[in-house]
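Each protein sequence line maps, in turn, to chains Y and W. Under the working numbering, the first residue of the first sequence carries the number 3, and numbering increases by one thereafter. Under the working numbering, the first residue of the second sequence carries the number 283, and numbering increases by one thereafter.
No lab work stands behind these hints: they were computed from the structure. A couple of the hints might just be wrong.
Claimed, not checked - One side only, chain Y facing chain W, incomplete, derived with CB under 10 Å: (1) A76; (2) R78; (3) R95; (4) F103; (5) V281; (6) G381; (7) K394.
Unchecked claim - Restraint ranges, calculated between C-beta atoms of paired labels, are given here: (8) Y/L426 - W/D331: 22 to 30 Å; (9) W/G425 - Y/A57: 51 to 59 Å; (10) W/E461 - Y/N66: 20 to 28 Å; (11) W/D331 - Y/M211: 45 to 53 Å; (12) Y/R324 - W/L394: 56 to 64 Å.
What the hints assert, rightly or not - Sample of chain Y residues facing chain W (criterion: CB under 8 Å; computed from the structure): (13) P20; (14) P22; (15) L100; (16) K104; (17) N280; (18) Y285; (19) V373; (20) S375; (21) G385; (22) L388; (23) Y397.
Ideal Cβ positions, reconstructed from N, Cα and C, are used throughout, including at glycine.
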Amino acid sequence: MPHDQISFVRKHMLPEAPPPATETGAVKWLRENLFSSPANTLLTLVSIFVVFNIASASAPWFLNGVWDSPSIAACREILDGRVGGCFAVLSERWNQLLFGFKYPVELYWRPGLAFVLLFVAGAPVLFGKIFPRKMLFFTGLYPFIAYWLIWGGSIMVPIFALLGVVVGAVVYSRVVTISAGVAVIAGFVAALIFWIASGYISRPMADVMALQAVPSRDMGGFMINLMLGVVCVSLSLPLGILLALGRQSRMPIIKWICVVFIEFIRGVPLITLLFVANVVLAYFLPPNVTFDLILRVIIMITMFSSAYIAEVIRGGLAALPRGQYEAANSLGLDYAQSMQLIILPQALKISIPGIVNVAVGLFKDTTLVSVISMFDIVGMIRGPILASMEWKGVYWELFGFACILFFITCYGISQYSQWLERQLRTDHR
Amino acid sequence: MKRTVFLGAMTVAGLAAGAAAAGTLDDVKARGKLNCGVTTGLVGFAAPDANGVWEGFDVALCRAVAAAVMGDATAVEFVPTTGKTRFTALASGEIDMLARNTTWTFSRDTDLKFDFVGTNYYDGQGFLVPKSLGVSSAKELDGATVCIQTGTTTELNLADFFRANNIKYEPVPIETNAEGQQQYLAGACDAYTTDASGLASTRAAFENPTDHVILPEIISKEPLGPLVRHGDNEWGDIVRWTLNALITAEELGVTSANVAELGSAAVANPEINRLLGTEGDLGKMIGLDNEWAKRAIASVGNYGEVFEKNIGEKTPIGLARGLNAQWTQGGILYSPPFR
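Using the sequences plus the hints, can you model the full thing?
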């Protein structure tokens, strides 16, 4: 084609044009995600209809909500026939929902402080790379501080308990070079002997630096759920590791003890164990003697979740290639070292999603204690609050509130575990 | 940390095992507190208020016993129990008495090894219907759908009643009272049946209570009363006669307002004198002092006052005295004489 026949040649670059309206921004997103095919379009329209109906039905309930009223009757008067939630029950019974109805009001700062310190103590464990390792020292002290703050009483009890742990740890570290299994048992026995002996010393010293004591029966509300959740998860993790290792042990007695324990606990519903803790144990104890209900429940829930965690960790151990075990052996590491340095770090990393799953489930299961007449948040709602003349008949607001509390906590746990998985990922994708 | 508590508890358990053989009265006095089993919450009968103080019809009985035994109506440790845990709590000794609107039945009294010491509320199964249904008697409920809690004696009572009257009904099974309330209000059933006191408190929580009526028929006997363990009759006597003292006080016109005056010196009525300890030695016979009943009445009031304050017609629950009126008023409350 001759050159002069070309009527027009662009001499300069066109400025960048925005993409067509249908290929950009919200329109593109809508088209691709919501209306990509007739079927999807239909589903989208149906969904919009459903969401709109739910929203338009519940919006007045939230917007007209009454936050200040002494009783449901007064609430209904204020609403005067309109649809609306009676959220006043939450503000009126706020303390009861969080702390139960018997924890002394002037002492609320104690569990509150323990709750805040929980984050300080948990930070170096949960976010090891961000916070200095020295904070782990505080983490070690935290259980004893928290016990002292929540239950009160003489400071000697937690101090002796702490010293017992130290004694146990020292004995363990002395014996561990001989045999890991013997060391665990020896450490435990040493701590036990120390605690029994210290009982005789701490009893006469009951007034030393004593905070006002609060009996377990006076605790309730979401505080109990949190306490049970935190204590049982943190106790059942080490216990679960021991059980998982025990189940893989080549020593038949240890192996069979662990197998029987795990299979028995997993074969029994949690609610049954709780009834055992509450009801059946009372028959084995001398009459007129009861030992702390919360302690009984903690023991049962810990046993329950440690069996599950043991199985999760066993899965992690089984997923490791045999070569890892052999490599550890070939380096000349003994059992404790190879587990601590080679096997467990890898196995635990694989097990994180499973462990978190058990932890979340366990935390929600703590509401089961309401069935054995403990006033956790569900127990408070079902018992005292719904049985008061003022608030009988308020269901949605209260249970919705409980849902929100649990959702926040459980969602937080699951987000953390996903973050942790990303942190620990060592493969190169 | 937990283990020390555990071990401490075990040690205490071992030490206390020897002391446990003593009577319940001595245990209570030594402890300085009465362990009283109540429900985890039932409107009007037992529930903690906004300040965490237990209140209610059953609670008042616990307080009266504590006042009679120790002179302090607040010296009560309320142990909340559910329907499932109440009997073991009593049998194991965790509580000294159970005041938890528990129906007095043959097997509970004998087979479960408890002693019911009396009846503080005569209940019975009734029907709740909307006024708009236009029914004035349960016998007119032919063909009605009835909400009924499954697995309870009320279910059996209902079947008996309808069969005896040769009318038909359709049961709508529900699990809990709360569910029953929702189902009934949603119109899933024409009538809701459970204990009459429960119906009254359920209705009290409705938005428009006056739109619903409780039918006059009561189709079962549910005598609710406090109970103690078999075998400690002295303690059973104390609870029994504390309840009787409250009932007798109403019969004799002794109230929390005038008990101090009536009990300060002997008055014309010798039974009042014996009750309040200005004459005779009745208190000594049950191992207490002579002012035990005076303290009980002063702390919670007589039976009528307790009833009116917690579940009576002026409260939102609005129960009429009915069967629970004194025998002189057409009811069946009848305390044996104080003599």
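Going through the hints against the structure:
Annotation: Y/A76 was flagged as interfacial toward chain W, and the flag is violated, the nearest CB pair being 12 Å apart, outside 10 Å. Checking Y/R78 against chain W by beta carbon gives a least distance of about 6 Å; that is within 10 Å, so the hint holds. A cut of 10 Å between beta carbons decides the hint on Y/R95: the least distance to chain W is about 7 Å, and the hint holds. Interface restraint check: Y/F103 against chain W, minimum CB-CB distance 4 Å, threshold 10 Å, status holds.
The interface hint given for Y/V281 holds, since its Cβ lies 4 Å from the closest Cβ of chain W, which is under the 10 Å cut-off. For Y/G381, the interface hint holds, the least distance from its beta-carbon to any beta-carbon of chain W being 7 Å, beneath 10 Å. With a least beta-carbon distance of about 4 Å to chain W, the hint placing Y/K394 at the interface is held under the 10 Å criterion. Taking the beta carbon of each, Y/L426 and W/D331 are about 51 Å apart, not inside 22 to 30 Å as hinted.
Taking 51 to 59 Å as the suggested C-beta distance range, the pair W/G425 and Y/A57 does not conform, at roughly 41 Å. A hinted range of 20 to 28 Å for the beta carbons of W/E461 and Y/N66 is consistent with their spacing of about 26 Å. The hinted window of 45 to 53 Å between W/D331 and Y/M211 is violated, with their beta carbons roughly 34 Å apart. With their beta carbons about 59 Å apart, Y/R324 and W/L394 fall inside the hinted range of 56 to 64 Å.
The criterion of a C-beta within 8 Å of any C-beta in chain W is not met by Y/P20, whose closest approach is roughly 55 Å, and the hint is violated. For Y/P22, the suggested interface contact is broken, since its CB lies about 53 Å from the closest CB of chain W, more than 8 Å. Interface restraint check for Y/L100: the shortest CB-CB distance to chain W comes to about 13 Å, outside 8 Å, so the restraint is violated. The interface hint given for Y/K104 is met, as the beta carbon of that residue sits about 5 Å from the closest beta carbon of chain W, less than 8 Å.
For Y/N280, the suggested interface contact is upheld, since its CB lies about 6 Å from the closest CB of chain W, less than 8 Å. Restraint check, Y/Y285 versus chain W: the minimum CB separation of about 6 Å is within 8 Å; hint holds. Using the Cβ-Cβ criterion of 8 Å, the hint placing Y/V373 at the interface with chain W is satisfied: the shortest such distance is roughly 7 Å. Taking 8 Å as the C-beta contact cut-off toward chain W, the hint placing Y/S375 at the interface holds, the least distance being around 5 Å.
With a cut of 8 Å, the hint placing Y/G385 at the interface with chain W holds, because the nearest CB-to-CB distance is about 4 Å. Look at Y/L388: its Cβ gets to within about 7 Å of chain W, closer than 8 Å, so that hint holds up. Because the closest C-beta pair between Y/Y397 and chain W is about 7 Å apart, less than 8 Å, the hint holds.
Taken one by one, the earlier hints fail for this structure at numbers 1, 8, 9, 11, 13, 14 and 15, listed in ascending order.
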